[in-house]
Structure formats: C-alpha cells, structure tokens
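Residue numbers (my numbering), protein chains in the order written: chain A, 1 to 116; chain B, 117 to 227.
The hints are simulated quantities; they were obtained by calculation from the structure and are not laboratory data.
Some hints here could point you the wrong way.
[As the list claims (entries may be wrong)] Below, a list of computed lysine-lysine pairs in the BS3-like style, where the Cα atoms sit at most 27 Å apart:
| hint | chain 1 | residue 1 | chain 2 | residue 2 |
| --- | --- | --- | --- | --- |
| 1 | B | Lys222 | A | Lys41 |
| 2 | A | Lys40 | B | Lys165 |
| 3 | B | Lys222 | A | Lys44 |
| 4 | B | Lys222 | A | Lys71 |
| 5 | A | Lys67 | B | Lys214 |
| 6 | A | Lys36 | B | Lys185 |
| 7 | A | Lys67 | A | Lys44 |
| 8 | A | Lys41 | A | Lys9 |
| 9 | A | Lys19 | A | Lys9 |
| 10 | B | Lys165 | A | Lys71 |
| 11 | A | Lys9 | B | Lys214 |
| 12 | B | Lys165 | A | Lys41 |
| 13 | B | Lys214 | A | Lys52 |
| 14 | A | Lys22 | B | Lys174 |
| 15 | A | Lys22 | A | Lys44 |
| 16 | A | Lys67 | A | Lys9 |
| 17 | B | Lys222 | A | Lys40 |
| 18 | B | Lys226 | A | Lys22 |
| 19 | A | Lys22 | A | Lys40 |
| 20 | A | Lys44 | B | Lys185 |
| 21 | A | Lys19 | B | Lys214 |
| 22 | B | Lys226 | A | Lys44 |
| 23 | A | Lys9 | A | Lys40 |
| 24 | A | Lys19 | A | Lys44 |
| 25 | A | Lys41 | B | Lys226 |
| 26 | A | Lys71 | A | Lys19 |
| 27 | A | Lys22 | A | Lys41 |
| 28 | B | Lys165 | A | Lys36 |
| 29 | A | Lys44 | B | Lys165 |
Residue-level listing of the chains:
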Amino acid sequence: DTAVSQTPKYLVTQMGNDKSIKCEQNLGHDTMYWYKQDSKKFLKIMFSYNNKELIINETVPNRFSPKSPDKAHLNLHINSLELGDSAVYFCASSQVMGGTTNSPLHFGNGTRLTVT
Amino acid sequence: AQSVTQLDSQVPVFEEAPVELRCNYSSSVSVYLFWYVQYPNQGLQLLLKYLSGSTLVKGINGFEAEFNKSQTSFHLRKPSVHISDTAEYFCAVGGFNKFYFGSGTKLNVKP
Chain A
1 DTAVSQTPKY LVTQMGNDKS IKCEQNLGHD TMYWYKQDSK KFLKIMFSYN NKELIINETV
61 PNRFSPKSPD KAHLNLHINS LELGDSAVYF CASSQVMGGT TNSPLHFGNG TRLTVT
Chain B
117 AQSVTQLDSQ VPVFEEAPVE LRCNYSSSVS VYLFWYVQYP NQGLQLLLKY LSGSTLVKGI
177 NGFEAEFNKS QTSFHLRKPS VHISDTAEYF CAVGGFNKFY FGSGTKLNVK P
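Chain A with its partners taken away, still in its complex shape (with noise of 0.2 Å):
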C-alpha cells in the first residue's frame, strides 16, 4: 500500500511542452507538497497545499500551476518547459495543524524530468 504515490516515475519532453505530474496520497492527511530536487540534491519547497487551499507559492514563476481536486491529491501542470526545469519532483504529505510541523513529511518516489 503506498502512501504517497505520484506519476509518471520519468519524463521526457522537449523544450516548449506542457506536462502534468500527478500525486495522490492515501495518509488522511490534510496538506501536501511539491518540492524540487536539482541536480546537487538541493530540495526547495515550491506549493504547499492544505484542504484543496494554497498555502506556500514560494515564488515559482507562473508556469508552474498547482491543482488540488481534493485534499487526498495535488498535480502539478507544467506550461512552455523550458531546459531549467530539468529537476526531480517530489510530492510529499504531512498532518499540519494549525501551521505546526510536529507531523513528519511523507514522501513519494519522484518524477524525474528531463527537458531536451
């Protein structure tokens, strides 16, 4: 039973494309995360959600939509990709409440996307 589960594992496209990614979490928790990888491993918060509602836009440009259909998912809509976006993407879910991070992050495997 995966907890966090999100697809496809890798991506391939061109420069110019649009993308989703999708994530589903079967945790009953009510928020959830997109983080970026790069290639150092640095992991950099990009959305946070909580009950379908954004919480964090940690100014990812206007590219990059989230969407929420009910807290159990979040997919993330990438418009014109472009070669920068190059990265692994993380979904993660976590039991915040009332802004408290005492409930620790639960991750999915990654998308690994690659723009040529």
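Once you have looked at the hints, place chain B on chain A.
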C-alpha cells in the same frame, strides 16, 4: 526564520566504523527536527524525529540523534555502518506551515 546547515557535503567511512553526520539549525519558534535518508532513485524516508522530551532520539536502521539546544545541533550517529547505509542524508527543521531542509550529506560506506 528557520534554516538548516549540514556542514559536510560528503562523508566517506569504512564499513563497521562509527559515523556522525552534522546538522545545525536556527529557529525562532518551537523546534521540530527530522533526519531523512534518500537512497538512489528513491524518495526521502524518515529516519527519526525530535519533537520534545528526551534529547537522545533513536530511529530506524540503528541510527540515533542528539538534540543539543545550547549548540543548536542535531547530529546523526551510527556506531557501526553497513554498505547498505550508503545514501544521501537530509536534516530538516519544521517551521510555520513548511519544512526547511539542509543541503544533504552523502554518506559513502566503503568495504
């Protein structure tokens, strides 16, 4: 604001030797600290967490960490490493609505 510093980008160690991976944090609010491990081509997996109480925290795979408030540190230790411990290790601190990660430490266990 919160931040995390992992002082070593790489730590080479021989199998069965002890290891310590260093982590320092800064936090202006309650401190919630975490260590995660990332094996190649996988997501991050929780090793252990400190929320309150005893400053020595035990986690999975024989790892433990000690919270030191005066030194604002949360170093990860294992008394005897195995080849299978080769991975990237991340320290994180919980802030308001989000988590702050260190830049990671690559543990390379040699036979």
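Right, here's what the structure says about each hint:
1. A C-alpha spacing of about 10 Å is found between Lys222 of chain B and Lys41 of chain A, which places the hinted pair at or below 27 Å, so the restraint holds.
2. A threshold of 27 Å between alpha carbons decides the hint, and for Lys40 of chain A with Lys165 of chain B the separation of about 24 Å falls inside it, so the pair holds.
3. Under the criterion of a C-alpha separation no larger than 27 Å, the hint pairing Lys222 of chain B with Lys44 of chain A is consistent with the structure, at around 18 Å.
4. Among the hinted pairs, Lys222 of chain B with Lys71 of chain A is inconsistent with the structure: their alpha-carbon atoms are about 34 Å apart, more than 27 Å.
5. A distance of roughly 18 Å separates the Cα atoms of Lys67 of chain A and Lys214 of chain B; the hinted pair therefore holds under the 27 Å criterion.
6. Distance hint between Lys36 of chain A and Lys185 of chain B is unfulfilled; the C-alpha atoms sit about 30 Å from each other, more than 27 Å.
7. This hinted pair checks out: Lys67 of chain A and Lys44 of chain A have alpha carbons roughly 19 Å apart, not beyond 27 Å.
8. Straight-line distance between C-alpha atoms of Lys41 of chain A and Lys9 of chain A comes to about 17 Å, which keeps the hinted pair within the 27 Å bound.
9. A distance of roughly 13 Å separates the Cα atoms of Lys19 of chain A and Lys9 of chain A; the hinted pair therefore holds under the 27 Å criterion.
10. Our distance criterion of 27 Å between C-alpha atoms is met by Lys165 of chain B and Lys71 of chain A, whose separation comes to about 25 Å.
11. Note on Lys9 of chain A and Lys214 of chain B: the hinted pairing holds, with a Cα-Cα distance of about 25 Å set against a maximum of 27 Å.
12. Taken as a hint, the Lys165 of chain B and Lys41 of chain A pair is honoured in the structure, with Cα atoms around 21 Å apart against an allowance of 27 Å.
13. Using a Cα cut-off of 27 Å, the hinted pair Lys214 of chain B and Lys52 of chain A holds, with the two alpha carbons roughly 16 Å apart.
14. Distance hint between Lys22 of chain A and Lys174 of chain B is unfulfilled; the C-alpha atoms sit about 34 Å from each other, more than 27 Å.
15. Simply put, Lys22 of chain A and Lys44 of chain A have alpha-carbon atoms about 19 Å apart, close enough for the 27 Å limit, and the pair holds.
16. Under the criterion of a C-alpha separation no larger than 27 Å, the hint pairing Lys67 of chain A with Lys9 of chain A is consistent with the structure, at around 19 Å.
17. This hinted pair checks out: Lys222 of chain B and Lys40 of chain A have alpha carbons roughly 11 Å apart, not beyond 27 Å.
18. Restraint check for Lys226 of chain B and Lys22 of chain A: not satisfied, since their Cα atoms lie roughly 38 Å apart, outside the 27 Å limit.
19. With a C-alpha separation of about 24 Å, the suggested pair Lys22 of chain A and Lys40 of chain A falls inside the 27 Å cut-off, and the hint holds.
20. The straight-line distance between the Cα atoms of Lys44 of chain A and Lys185 of chain B is roughly 26 Å, inside the 27 Å bound, and the hint therefore holds.
21. This hinted pair checks out: Lys19 of chain A and Lys214 of chain B have alpha carbons roughly 26 Å apart, not beyond 27 Å.
22. Proximity of Lys226 of chain B to Lys44 of chain A is assessed by CA-CA distance (about 30 Å); at most 27 Å being required, the pair is judged violated.
23. Note on Lys9 of chain A and Lys40 of chain A: the hinted pairing holds, with a Cα-Cα distance of about 19 Å set against a maximum of 27 Å.
24. Between Lys19 of chain A and Lys44 of chain A the alpha-carbon distance is near 20 Å, which keeps this suggested pair within the 27 Å criterion.
25. Of the supplied pair hints, the one linking Lys41 of chain A and Lys226 of chain B holds, its CA atoms being roughly 21 Å apart against a limit of 27 Å.
26. A hinted pair counts as satisfied when its Cα atoms are at most 27 Å apart, and Lys71 of chain A with Lys19 of chain A qualifies at roughly 22 Å.
27. The suggested pairing of Lys22 of chain A with Lys41 of chain A holds, with an alpha-carbon distance near 22 Å, which does not exceed 27 Å.
28. About 22 Å separates the Cα atoms of Lys165 of chain B and Lys36 of chain A, which keeps this hinted pair within 27 Å; it holds.
29. Annotation: proposed proximity of Lys44 of chain A to Lys165 of chain B holds, straight-line Cα distance about 20 Å (limit 27 Å).
Figure legend: structure checked against the earlier numbered hints; hints not met, in rising order: 4, 6, 14, 18, 22.
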